[in-house]
Amino acid sequence: MASITMRNLVKKYGGVTVIPDLNLRIEDEEFIVLVGPSGCGKSTLLRVLAGLEAIDGGELLIGDTRVNDVPAARRDIAMVFQDYALYPHMTVRQNMSFALEMRGMTPAETAPRVEDAARLLDIHPYLDRRPKALSGGQRQRVAMGRAIVRDPKVFLFDEPLSNLDAKLRGQVRAEIKTLSRKLKTTMVFVTHDQVEAMTMADRIVVMKSGQIQQVGTPEEVYDNPVNVFVASFIGAPSMNFLPARIEGDRLALADGGETLPLALMAEAAPAAGEVLLGIRPEHFQIVPEGQGLSAVIDLVEPLGSDTLIHCALAGQRVIARVSPDIRPVAGQRISLTSIAGKAHLFDPDSQTRIGQTEGQAT
Amino acid sequence: MTTRPSDSRWLDGLNLVLLVLAGVIVMTPTAWMVLSSFKPSYEVTAYPPTLVFQPTLENYATLNSQTPFLRYTMNSLIVTVGSTLFGLLLGAPAAFVASWTRITWPAVVTLMARMAPGTLFLLPWYVMFRQVDMIGSYTALILTHAVITLPVVIWVLLPYFDNIPRSIYEAAQVDGCSPFRIFRRIALPLVSSGLAVSAILAFVFSWNFFLFALVLSNSQTKTLIAASFNFIGEGSTNWGGLMAAATIIALPPLILAAVVQRWLISGLTLGAVKG
Ligand SMILES: Nc1ncnc2c1ncn2[C@@H]1O[C@H](COP(=O)(O)OP(=O)(O)O)[C@@H](O)[C@H]1O
Ligand SMILES: [Mg+2]
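Residue numbers (this note's numbering), protein chains in the order written: chain H, 1060 to 1421; chain W, 99 to 373.
These are computed hints drawn from the structure, not numbers from a lab.
Just so it is clear, the structure is predicted and the values come from calculations on it, not from any experiment.
C-beta atoms are modelled at their ideal positions from N, C-alpha and C, and glycine is treated no differently.
One or more hints might be untrue.
These stretches of chain H come out as covered by chain W in the derived footprint (C-beta under 8 angstroms, 3 or more residues) [said to hold, decoys possible]:
1) 1125-1133
2) 1139-1146
3) 1155-1164
Could you build the full structure based on these sequences and the hints that come with them?
Written out as C-alpha cells, the structure is:
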C-alpha cells in the first residue's frame, strides 16, 4: 500500500520522446485509470512504474522511496499483462505461488494464500490445470490471482479486459472494482476504453501524446472537460462540436446564422469572438419549431433504452440521444437545443474550454 | 488443391517419386556399408557387388580381436558426451542472453569459428595444447569438440528462446525473479524440447568430428572415428574391417536421428504459450 509520485518524468525510446514531462501523484488506495488513444504512452508509463523500462529524467517515488534505479524485481508491484503472461509450464497453483516462492516463502506459507486468492476469484476448480487448458476469462482470473496473492504495494493493469468478449468484459470490470474496494491497494489501470475508465476509476488520467490532458473524477472529466480532446474522448457517442460566434447575449452558428441563448452555456462566455460550441448527444433536447436549431434527421439508431438520431445541423453532422418515445423517423425536420447549463464553449485556436475555473487544467 | 484434384494427385505422385529418389541416393552408400560389413572378406571388393551372400560376423570379430575397439568406443563416448554437456552448459545461457538482449553478434562469431575449415586452426590449436602439455588428454579433446557443439547449441536454442513471449519474462521480473532465476525457472523449462534437439545434434556432430581427434589424441584417448582411419593402411586396406567399424560408428547417430524426429515435432508445442 503506497502512493506513487511522478515528477518531471521523461521517457525516451532511442531518439523518440514518448513521455516528455509528466507530473502526477497517485494517492494511497486510489483506483486510477490511465486512458487515451492507442499509442499515447499509457503502457509505457505503466512499464516505467513497474520498473520494466528505465527512466530518462525526473523522479519516481513509491511511497516515500525514490525508485528510479530499483529493478522491477524489488519494487513490490504486481502487474496484470494484456496477454496475461501466465507461465505455460506451471499449473495455476504454481503460477500463483511462484512470486511468493521467489520471496523465500515455504510451500506451507504459500498454500493458504493461494487458497484464499483462489476462493476470492472463484478459480478453485482449476488450480491444478495448466494455462493451456483454460478459457480466456479463466486465464484472466488466474493473472489477477497471481497478482493478488502477493499483497503488493501497487497493482498495475495493462488493458486486462481487451481480450475478453463484451459480456465477460462487463462482468470482470465490476469484479475488479469490487476487488479494489476489498483489497484497498493502490491500482493503476490502463485502458483505451473510456467506458472502462468512467465506470472503474476513482480518478481518470486522460493522456494524449505522452502528456496528461486532465486528471479528475469521472464526473469532473465528463462535466468539465478542459479541452476539445478530453471532451471528445470521454463520452460515447462523442460530444458534437459546432463552430459559432458570440453576438450579444446569443450564440450564432457559423453556418446558417441560427442562434441559441448564451444562458444555456455551462460557464460564462466572453464578450465577443469566435468559439466552438460543444454539446453532448445526451444533452440535446427536442423543442417546438422555432425555439432551437433546426435539423433534419438522416438516420435513426434505436438502442432500446434510448435512441440515437444522426442529423444534419447547420452544415454539420450531429448525434443526439433522445427518448425512444419520440419515435423519430429519417427525413423528419426537428428543432434541437441544449439542456440548460450543459453546453460548453471552446476556444477554436487553443482548443481549451472557455471560462473554466483556474486549476482544472493540468 | 481441392478444386483441381487430378493435378494435385499428379503432384503427390511426383512428390513421392522424388522422395524415393532422394532416399535411394542418400541410403545407397549406407546400405552398401552395412551389407559389406557382413560380407566375407573376398566378397567385399567384388565387382559388380554381390547382393546375395552368406552373412558373416567375421569382420566384426577381426575388429574386436585386432584393435582395442571397446576402448575407442569409450573414448568417443567420453569426448562426445563431455563436449555436448560442455556445449549445453555454456551454450544454453549464451543463447538465452543473446535472445534476451537481442545482441547476436557473439553467436555469429561462434558460428564463423565453426564454418571456417578446421585445418585453419589445426596447427595453432596443436601448438597451444602442446605448450600446456595437454596433447592426448580428454580435456583437450573435449574443449576442441566444444568448438562444434557450442555453436550448434546456441543456434538451435536461439529461436526457441526468441519464441517465448517477452511478457512472460517481464511477469517473472515483476514476480521478483533475478535474470538467472528467469533463465533457470522460466526460460529453460520452456525450451526443454529445444534442449533435447540441440543436445542430440551436438552429440552427432561431435561424434562424427574427425580431424582434431586424429591430431590431438594419443593411443590411449583415440576416438572411434580417428581409430577407424588405421584400417586404411599403406598398401592394403582392410575394407571389411573398415565397413564394420563404420557401421558401428554410424549406429549411435542413426538411433539419435530417429529420436530427434520425434522431438523436432513436439518442439513445436511452444506455440501453446500464446494459446
Ligand atoms: N520498445 C519500444 N521502442 C520504441 N518505441 C516504442 C517502444 N514501445 C513503445 N514505443 C512507442 O511509444 C509510443 C507509446 O506506446 P505505448 O505506451 O505502447 O502506447 P499505448 O499503450 O498508449 O497504446 C508509441 O508511439 C510506440 O510506438
Ligand atoms: Mg498499450
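Are any of the numbered hints broken by this structure? If so, which, sorted upward?
none
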